[in-house]
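Fit chains P, R, A, S and C to the supplied structure of chain U, relying on the hints for placement.
Number of protein chains: 6
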Amino acid sequence: MFYLKTEASFDAAHFLEGYDGKCRNIHGHRWRVTAQIRGEKLNEGRQTRGMLVDFGDLREILEIFCRELDHCLIYETGSLKPATLQAFREENFRVCEVDFRPTAENFAFYFYQKLKEEGLDVHRVEVYETPNNCAAYEED
Amino acid sequence: MFYLKTEASFDAAHFLEGYDGKCRNIHGHRWRVTAQIRGEKLNEGRQTRGMLVDFGDLREILEIFCRELDHCLIYETGSLKPATLQAFREENFRVCEVDFRPTAENFAFYFYQKLKEEGLDVHRVEVYETPNNCAAYEED
Amino acid sequence: MFYLKTEASFDAAHFLEGYDGKCRNIHGHRWRVTAQIRGEKLNEGRQTRGMLVDFGDLREILEIFCRELDHCLIYETGSLKPATLQAFREENFRVCEVDFRPTAENFAFYFYQKLKEEGLDVHRVEVYETPNNCAAYEED
Amino acid sequence: MFYLKTEASFDAAHFLEGYDGKCRNIHGHRWRVTAQIRGEKLNEGRQTRGMLVDFGDLREILEIFCRELDHCLIYETGSLKPATLQAFREENFRVCEVDFRPTAENFAFYFYQKLKEEGLDVHRVEVYETPNNCAAYEED
Amino acid sequence: MFYLKTEASFDAAHFLEGYDGKCRNIHGHRWRVTAQIRGEKLNEGRQTRGMLVDFGDLREILEIFCRELDHCLIYETGSLKPATLQAFREENFRVCEVDFRPTAENFAFYFYQKLKEEGLDVHRVEVYETPNNCAAYEED
Amino acid sequence: MFYLKTEASFDAAHFLEGYDGKCRNIHGHRWRVTAQIRGEKLNEGRQTRGMLVDFGDLREILEIFCRELDHCLIYETGSLKPATLQAFREENFRVCEVDFRPTAENFAFYFYQKLKEEGLDVHRVEVYETPNNCAAYEED
Chain U
1 MFYLKTEASF DAAHFLEGYD GKCRNIHGHR WRVTAQIRGE KLNEGRQTRG MLVDFGDLRE
61 ILEIFCRELD HCLIYETGSL KPATLQAFRE ENFRVCEVDF RPTAENFAFY FYQKLKEEGL
121 DVHRVEVYET PNNCAAYEED
Chain P
1 MFYLKTEASF DAAHFLEGYD GKCRNIHGHR WRVTAQIRGE KLNEGRQTRG MLVDFGDLRE
61 ILEIFCRELD HCLIYETGSL KPATLQAFRE ENFRVCEVDF RPTAENFAFY FYQKLKEEGL
121 DVHRVEVYET PNNCAAYEED
Chain R
1 MFYLKTEASF DAAHFLEGYD GKCRNIHGHR WRVTAQIRGE KLNEGRQTRG MLVDFGDLRE
61 ILEIFCRELD HCLIYETGSL KPATLQAFRE ENFRVCEVDF RPTAENFAFY FYQKLKEEGL
121 DVHRVEVYET PNNCAAYEED
Chain A
1 MFYLKTEASF DAAHFLEGYD GKCRNIHGHR WRVTAQIRGE KLNEGRQTRG MLVDFGDLRE
61 ILEIFCRELD HCLIYETGSL KPATLQAFRE ENFRVCEVDF RPTAENFAFY FYQKLKEEGL
121 DVHRVEVYET PNNCAAYEED
Chain S
1 MFYLKTEASF DAAHFLEGYD GKCRNIHGHR WRVTAQIRGE KLNEGRQTRG MLVDFGDLRE
61 ILEIFCRELD HCLIYETGSL KPATLQAFRE ENFRVCEVDF RPTAENFAFY FYQKLKEEGL
121 DVHRVEVYET PNNCAAYEED
Chain C
1 MFYLKTEASF DAAHFLEGYD GKCRNIHGHR WRVTAQIRGE KLNEGRQTRG MLVDFGDLRE
61 ILEIFCRELD HCLIYETGSL KPATLQAFRE ENFRVCEVDF RPTAENFAFY FYQKLKEEGL
121 DVHRVEVYET PNNCAAYEED
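Protein chains in written order, with our numbering: chain U, 1 to 140; chain P, 1 to 140; chain R, 1 to 140; chain A, 1 to 140; chain S, 1 to 140; chain C, 1 to 140.
Bound conformation, chain U alone (with noise of 0.2 angstroms):
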């Protein structure tokens, strides 16, 4: 089996509603994605033989993805009183709110999806939250 693995990374905020902690503030981290897909066979084509995926496709894919969430404020929604909402707004401030609590576990499995969905035979996402704690999702 052939393996195919990259990375890409954004900067943002987030808080954990409801944790007992100092990660229920607002504070941020650089949040480091790898993406690691897999196949039986390299492919045969003049421009991508003996290529799983072309690297640039498969980073460019990432890259957009992660770009979504990059420089903003990733909350979950229901997280935040209309009021604090409202004041994002005046500020005009960007916000992206997702339906999952922003740990890196469930953006491990977000990733997971977003690549699946564009036709990639993902094998396992990773993301590290801090250059040391490390979230991670297969499937099968």
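Some hints could be false.
The list cannot tell twin chains apart, which means a pair is met if one copy fits it or any two copies do.
[Claimed, not checked] Okay, derived cross-link-like pairs now, SDA-like style, lysine to any residue, Cα gap no bigger than 20 angstroms in a straight line:
no., residue 1, residue 2
1, K22, G39
2, K81, F93
3, K41, F100
4, K22, Q47
5, K116, D99
6, K22, E91
7, K22, V53
8, K41, D140
9, K41, H123
10, K22, E60
11, K22, E63
12, K41, G56
13, K81, V95
14, K116, R46
None of these hints come from the bench; they were simulated from the model.
Relative to chain U, chains P, R, A, S and C alone:
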């Protein structure tokens, strides 16, 4: 001349008020801070003989300063509307007000001053906003 | 399947009794240990909703085990003469006796067992003896 | 199951014949290769007791294979015109002909086979073409 | 004094004409380039208040210069026979001619000059030919 | 001014006699040493034209010095009791006696002197005791 360098980091959110670009939104980084002190001679006492300063002591000082900014939203005085600050209070978010625009350059100066006030002969402070973007401050 | 990976390290001395080569001498390394646990489902409780285990908790457990071996000489039972052990006592050196040859492979197994005994669903433990030399242990 | 992982690297030039893009030109990389072997049980002999394989031995094998490709231009059979090969001979450039398109995927397979032929129970070979782009090969 | 440091990289082939050793062959590296500028005072304007230069701008300039050398064979004027250059043209290989021997030292000087010509107060340029081998150039 | 920087490392045990803390025990580190030399002008000869010094030569010198301290226990003259030294002899452990307290600061000075004695125009030597703790020595 001898030098001693150590590092610490913090995960925080910030934004640049008045900036036309993605940095104007609340976002976050892992900020990596390196501190470098210097001295002509090494100590002679029993405990720290052959040292400039005990690594453990230098690191602890730097970590204390980093911890003050860790896991919070850092904002410059006057850069948020009263309603936004009120919204943060009602969400019970811990925020850190600083009297400078929270750029990497200003953080480098900030940590330099803090370390100097501790009586250290600081040579250089570097602040990495991302793995590739670093600001530094030196005096003399 | 979800995975959570964290790491800790310790700076210790060791030697390989009966080895014909430079590893037979007392020398030292920075040992970097990564622990990876797994789980089918994420938690649903208030505090750790969307997590497999709290990163902080996993890291603390791993750090406790690393700290036990940090800043000491690790030696296998029976690999030092009584006079040497006596000499260490008279120097007041803290030494750690283990019942296995202190290779990276055996340390990987050692940490795997320790984490399993804590009730964690351990997937893999890696022990880096040097930045490029790594041993790992997995079960099933 | 125990695993042992080491790495080596080589600095070489290559190009992808028939590729429409920048990789079609002669360019170069630092190729980082990691090899991972596995085994159910550790050795019991005096020299390598508690080891899967001696790190030094595994690394030496991998380094020999990397050295063969180091500091040369790697090209696929048939991808250069006779006049170009003739020009290289007249410049006294050392070139390495391989019977596959020199992609990271094919190099992963190449090193996997070479290590297997040495009698090693190879689990996985990874080839980093750049720090973020990695291809891997595994069997069964 | 404030400093700002960023980095970019390029993957290119080169060779050292007249060198007796492996560097005389066409081979390649990932060249990592760091640029460090300096300034006594930070900006005061609305957009870049508290900055020396916008990280994004500094990085873009450096990346443009790196891109010019990326994915090609770099050779010194006069170091290739006419028949070799002709062979490259017939293969449609993009090559980059430079008027200096392409050593890390000369590349450091080259990027320093290019950045200075952009009006930047350049402090130091470092060029990593490999992760451990770095040349730098400074003026004053 | 041109600079050339390379690095080497060694895995050794040490302890700090008279230190009240964990460093008083025999423990170990991977010591990473970087050496930086400087020169106003690059060479003009055929072999090293455009170089300050050949990377390979600089690295070999540094590696020789590191190898002398690799895989042994480093101790300061007078810091071990005669019975302990006798015990080491009977265990056939190779130990390295140095005439300074083996702190990172003193090692930086030690390597600086060794490189200077080789006739190199040394600018700075850094010794990383751990990935984050570094001592350096410069002259002028």
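Quick rundown of the hints versus the structure:
1. K22 x G39: Neither way: K22 and G39 sit 42 angstroms apart in one copy and 25 angstroms across, limit 20 angstroms.
2. K81 x F93: So K81 and F93 pass the 20 angstroms test inside a copy (16 angstroms) and across (12 angstroms) alike.
3. K41 x F100: Cα proximity of K41 and F100: across copies only (14 angstroms, versus 36 angstroms in one copy).
4. K22 x Q47: between (50 angstroms within a copy, 12 angstroms between copies)
5. K116 x D99: Within one copy only: 18 angstroms inside, 33 angstroms across.
6. K22 x E91: This pair counts as between: shortest inter-copy Cα distance 14 angstroms, intra-copy 25 angstroms.
7. K22 x V53: between (41 angstroms within a copy, 16 angstroms between copies)
8. K41 x D140: Close inside one copy (18 angstroms) and across copies (13 angstroms); limit 20 angstroms.
9. K41 x H123: both (15 angstroms within a copy, 18 angstroms between copies)
10. K22 x E60: Classified as between; 16 angstroms across copies, 34 angstroms inside a copy.
11. K22 x E63: Close across copies (16 angstroms), not inside one copy (29 angstroms); limit 20 angstroms.
12. K41 x G56: within (19 angstroms within a copy, 33 angstroms between copies)
13. K81 x V95: both (14 angstroms within a copy, 17 angstroms between copies)
14. K116 x R46: neither (25 angstroms within a copy, 30 angstroms between copies)
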